[in-house]
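Chemist: Given these sequences and hints, build the entire structure.
First residue of the sequence shown? That's 0 in numbering that gives the first Met the number 0, and the numbers climb one at a time after it.
No wet-lab data here; the hints were simulated from the structure. Treat the hints with caution; some may be incorrect.
[To be verified] List time: in silico DSSO-like cross-link candidates among lysine-lysine, alpha-carbon distance up to 27 Å:
#1 K183 to K104
#2 K104 to K125
#3 K292 to K264
#4 K120 to K183
#5 K183 to K125
#6 K326 to K292
#7 K15 to K153
#8 K15 to K104
#9 K147 to K172
#10 K247 to K120
#11 K326 to K282
#12 K324 to K354
#13 K264 to K201
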Amino acid sequence: MNINERARQTIRSLPKTVHGGQAWKLANIEDYSHNLNPFGAPTFLDDIVASAVPSIWHYPDDASLGFRAAVANEFDVGSENVIAGAGSSDIIRMFPNTFLEPGDKVVMFSPSFAEYTQQCKICGVKIEYIRLREENDYRIDIEELGEKLTSDIKALYICNPNNPTGRVEPRDKILSIVDECEEKGIMVFLDETLLELVDGYKDVSCASYVGEYTNLLVAGSLTKSFAIPGIRIGFGISNTDIIDQLNKVRMTWNIGAIEQVVGEKLIAEHMDYVHDAAALLRKEADNMFGELKDMGFPVNAPCDGFFYFCDISSLGMDAGTFVSKMKSHGYMVRDCSSFGPDFTSCVRFCVKDSKTNEGFLSAMRKVLE
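Modeler: Here it is as structure tokens:
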């Protein structure tokens, strides 16, 4: 039996997606390739996990009632407007499996988070890309987007802040896009997974507006906010009609008992931990921008959030070479060539606390010598 021929046609030539945050596998490497809370996982997490251990003696609550109630309270929606996921990646998987048919067309921006493409291709969905351009500061061009939103488009994917470019689009701009899509019968998948680490994120988030739209799904996660990527806990927020449909494809018991307790406690009682980190990151991001400019690194403007995306072709090296040189000095940055052939000279690196950033910038100066 040729097992490759038995696999679905949509996945036979599909490569596995590549992500950052793998430096933990290497000794003596400071990881700047991820975009997690620089405070790291909170010290009080140990006690929360310990308190949840008795819950593993029975099946988890399939409805994730406590966790969903905490999310609903944080974003000023009802529990019925929330679905729990094993990280936001679970919500990303549910969406095309629920609302898209093989052959349907969607619009995505490039570069952006690779899992949108991966899950759509698994479902046999056709993708039209809009290139985010450096000359436009990697921001959404409303006119260009409008031209792409034709009658045959079924969904639009937006990542805010966009990963890997880090640009944050204001709420009024996002909602104007959602309005246009609703008029054209296009669903909007809005990924706000990285938004909580942006200072003043509640003035940007669209999560509390889902009840006003028939076509909007907002995804979020605790992974970045609390620096707990090993605990898979995320959520989707939408109107009840969309949530009801998503629940039909959600895996039973998709959130473990410990994850539910951790998620509920962190959101309900410890969001100040995230707010403090966001304020620190705003300050340190601005400081880092000044240092980068002074050393001649090709960065055009301060990042909107807490990570930088840069085209380093002017330095006379590609992304792989730069990553290798930084690693030799003990620092890992993200090679963005995995986002497509247009980005082989692009890298992404995050912002951390002042002392750690000093070492990172010192290593970068040595690479540029």
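Chemist: I'd like to know which numbered hints this structure contradicts. Please list them from smallest to largest.
Modeler: 3
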